[in-house]
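Novice: Each chain, written out:
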Amino acid sequence: MALIRDIAQVCKSKNAGPFELTIDVVFEDRAMFERVRATGALGPPLFARLYGVDVNDVLFTEFPAGNAFKATIPRAVGSGDVGDTDVYGAQQHAPLLDVDIPL
Amino acid sequence: MTTTIATDEFRLLSTSGLLGYGFPEASLAAGLAVKPHMIGVDGGSTDPGPYYLGSGKTVNSRRAMKRDLRLMLRAALGANIPLLVGSCGGSGSDPHLAIVCDIVREIAREDGHHFRLATIHSEQDKASIKRRLADGRIKPLGKAGPLDEATIDRAAHITAMMGSEPWARALDEGAQVILAGRSSDPAPWAACAIRSGQAPAPSWYAGKFLECGATAATPKGHDCLLTTVAGDHIVVEATNPIRVCTPLSAANHSLHENASPCIFVEPGGILDGTDCRFDAVSERTVKISGMQWRPMPYTVKLEAAEFVGYRAITICGTRDPMLIGQIDSFLESVRKNVEDKSAALDVSPNQYKLIFRVYGHNGVMGPREPIQEVRSHELGILAEVIADTQEIASAVLALARVNLLHVDFPGRMCREGNMAFPFSPSDVIPEPSYRFTLSHVVAPNDPYEMFPIEYEAV
Numbered sequence: 001m002a003l004i005r006d007i008a009q010v011c012k013s014k015n016a017g018p019f020e021l022t023i024d025v026v027f028e029d030r031a032m033f034e035r036v037r038a039t040g041a042l043g044p045p046l047f048a049r050l051y052g053v054d055v056n057d058v059l060f061t062e063f064p065a066g067n068a069f070k071a072t073i074p075r076a077v078g079s080g081d082v083g084d085t086d087v088y089g090a091q092q093h094a095p096l097l098d099v100d101i102p103l
Numbered sequence: 001m002t003t004t005i006a007t008d009e010f011r012l013l014s015t016s017g018l019l020g021y022g023f024p025e026a027s028l029a030a031g032l033a034v035k036p037h038m039i040g041v042d043g044g045s046t047d048p049g050p051y052y053l054g055s056g057k058t059v060n061s062r063r064a065m066k067r068d069l070r071l072m073l074r075a076a077l078g079a080n081i082p083l084l085v086g087s088c089g090g091s092g093s094d095p096h097l098a099i100v101c102d103i104v105r106e107i108a109r110e111d112g113h114h115f116r117l118a119t120i121h122s123e124q125d126k127a128s129i130k131r132r133l134a135d136g137r138i139k140p141l142g143k144a145g146p147l148d149e150a151t152i153d154r155a156a157h158i159t160a161m162m163g164s165e166p167w168a169r170a171l172d173e174g175a176q177v178i179l180a181g182r183s184s185d186p187a188p189w190a191a192c193a194i195r196s197g198q199a200p201a202p203s204w205y206a207g208k209f210l211e212c213g214a215t216a217a218t219p220k221g222h223d224c225l226l227t228t229v230a231g232d233h234i235v236v237e238a239t240n241p242i243r244v245c246t247p248l249s250a251a252n253h254s255l256h257e258n259a260s261p262c263i264f265v266e267p268g269g270i271l272d273g274t275d276c277r278f279d280a281v282s283e284r285t286v287k288i289s290g291m292q293w294r295p296m297p298y299t300v301k302l303e304a305a306e307f308v309g310y311r312a313i314t315i316c317g318t319r320d321p322m323l324i325g326q327i328d329s330f331l332e333s334v335r336k337n338v339e340d341k342s343a344a345l346d347v348s349p350n351q352y353k354l355i356f357r358v359y360g361h362n363g364v365m366g367p368r369e370p371i372q373e374v375r376s377h378e379l380g381i382l383a384e385v386i387a388d389t390q391e392i393a394s395a396v397l398a399l400a401r402v403n404l405l406h407v408d409f410p411g412r413m414c415r416e417g418n419m420a421f422p423f424s425p426s427d428v429i430p431e432p433s434y435r436f437t438l439s440h441v442v443a444p445n446d447p448y449e450m451f452p453i454e455y456e457a458v
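Top to bottom, those sequences are chains E and W.
Numbering follows the working numbering, in which position 56 of the first sequence is assigned residue number 56; successive positions increment by one, without gaps.
Numbering follows the working numbering, in which position 70 of the second sequence is assigned residue number 70; successive positions increment by one, without gaps.
Among the clues, some could well be false.
[Said to hold, decoys possible] Coverage of chain E stretches by chain W, computed from C-beta distances (three or more under 8 angstroms per stretch; other residues unrestricted):
(1) 14-26
(2) 61-71
(3) 76-82
(4) 91-101
These aren't lab readings, by the way, just hints derived from the structure by calculation.
In this text, a Cβ means the ideal position worked out from N, Cα and C, and glycines have one as well.
Between the sequences and the hints, there should be enough to build the whole structure, so can you do that?
Specialist: Here is the structure:
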């Protein structure tokens with residue numbers, strides 16, 4: 001078992017403008033980033049599944065300079081619109097924490 | 001006219017990530033000691049939601065903005081360098097800009113400052129946006145659909161996000177203090193550096209750091225950041241000695257609130273950080289090089305917010321295990337009772353929205369919550385009603401409160417009441433509800449025409 005909560009240094013979410021949510025997973029060093037990258041576990045299909053969005057709506061970026069992976073998805077509703085639960089989008093990361101990376 | 005300042009590096013100082021967040025005075029003094037060529041702060045963000053743009057109210061308090069501005073004005077005028085404040089008041093519409101202008105004039109009177117003030121407006125009148133729409137100059141971004149006139153008509157405020165050019169023009173025309181409406185966050189810094197003769201790529205990249213104050217440093221905190229643009233690279237440094245910028249902290253800053261850590265769309269071009277290198281210069285400073293600027297057809301982003309309705313809310317909690325075990329069906333039963341009782345008050349379901357957020361269940365993630373099973377021994381419920389009038393919102397919310405308390409459910413033992421209400425009165429009237437509407441760009445005739453500049457001798 002290699003859960004993201006145990007092997008990542010940072011796992012966070014935030015608005016990227018009023019209509020998108022961006023989720024970052026950062027690893028402590030390049031070696032761990034490369035091990036995770038090699039599994040291919042972090043990618044658009046994972047984020048599409050976890051957040052219930054179309055895989056084509058996931059903008060996924062591998063960012064070696066930051067030992068990081070980033071996924072940006074449409075928000076369920078615009079920030080602060082009727083029924084929104086998280087105006088800043090800062091608490092939408094948790095489903096990633098329990099993802100098991102097959103290292 | 002472009003003025004070339006006789007130096008091969010250009011030093012930009014940012015006081016914090018947002019006007020009114022505060023910063024240590026010692027950090028500003030340490031920044032001034034290295035003789036920056038300007039001082040700036042970003043004043044705005046869409047992050048706190050649509051209420052601010054919609055209502056014209058500021059995100060940070062007048063008192064907090066005044067404290068920051070007083071220190072910044074004294075520093076900038078004392079050093080004879082310009083002071084630039086972008087996206088004034090949080091959203092940069094005309095009411096927001098007027099509030100910040102008023103604070104600056106008040107400080108000038110109190111402290112005996114005299115300077116040439118430029119204000120750059122970004123509020124757009126509806127007729128001009130409709131004309132640009134009719135001319136085919138407005139395009140949707142992302143998943144937004146085509147813009148229509150009705151959406152324009154419903155907007156409480158529409159702003160356009162200026163690029164670097166209006167800032168540079170105000171500097172060319174002798175402004176010492178520039179207060180601007182909605183601006184691309186990095187634009188004030190990019191404008192100063194480009195105007196001094198630096199290349200666009202590092203100038204814009206510098207702005208991406210400076211707009212967030214010391215966010216790129218560790219430990220994070222609301223504090224000052226110095227960024228030097230020199231030829232093909234920039235150097236970032238927190239002026240507070242307790243904060244350090246490392247290659248990793250600087251690289252990871254580009255993740256913050258951006259859809260991509262590498263591709264940033266700005267008015268007139270794309271800033272591309274795909275090939276950026278982050279190298280430590282010292283234990284506290286980082287050099288960044290390799291950024292590219294690709295000129296693109298000039299577009300500016302539009303932002304707008306519209307009024308949704310008046311609100312009433314109540315907060316309560318349950319500790320009853322039988323109720324917790326059937327919370328979803330219970331709330332549907334409450335909803336049905338509210339509908340029936342509202343009908344008796346001549347209020348139909350299409351006249352209000354009733355929203356429950358259940359903390360301990362799915363209050364944080366709503367429909368995206370993957371855990372369906374309720375594991376908490378108590379649940380918090382936030383009930384919200386939105387309606388066209390406050391009277392209807394408050395009346396329906398009162399019905400929701402009563403029914404949350406008294407609606408029966410299978411196996412009910414807590415027959416005196418289902419909910420613990422912490423407050424009397426239990427019903428709260430918050431500020432009205434707004435929503436962001438536009439996610440579109442417009443192609444102006446030139447970078448200036450949507451952003452009129454006014455000058456004033458203060």
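Novice: Each hint should be assessed against the structure and marked as holding or not.
Specialist: Hint check:
1. For the segment 14-26 of chain E, the stated coverage by chain W holds: 10 residues have a C-beta nearer than 8 angstroms to a C-beta of that chain, and at least 3 were required.
2. Only residues whose C-beta sits within less than 8 angstroms of a C-beta in chain W count toward coverage, and the segment 61-71 of chain E has 7 of them, enough to reach three; the restraint holds.
3. By the rule of at least three residues with a Cβ nearer than 8 angstroms to a Cβ of chain W, the coverage given for the segment 76-82 of chain E holds, with 6 such residues.
4. Under the rule that three or more residues need a Cβ within less than 8 angstroms of chain W, the assignment of the segment 91-101 of chain E holds, with 4 such residues.
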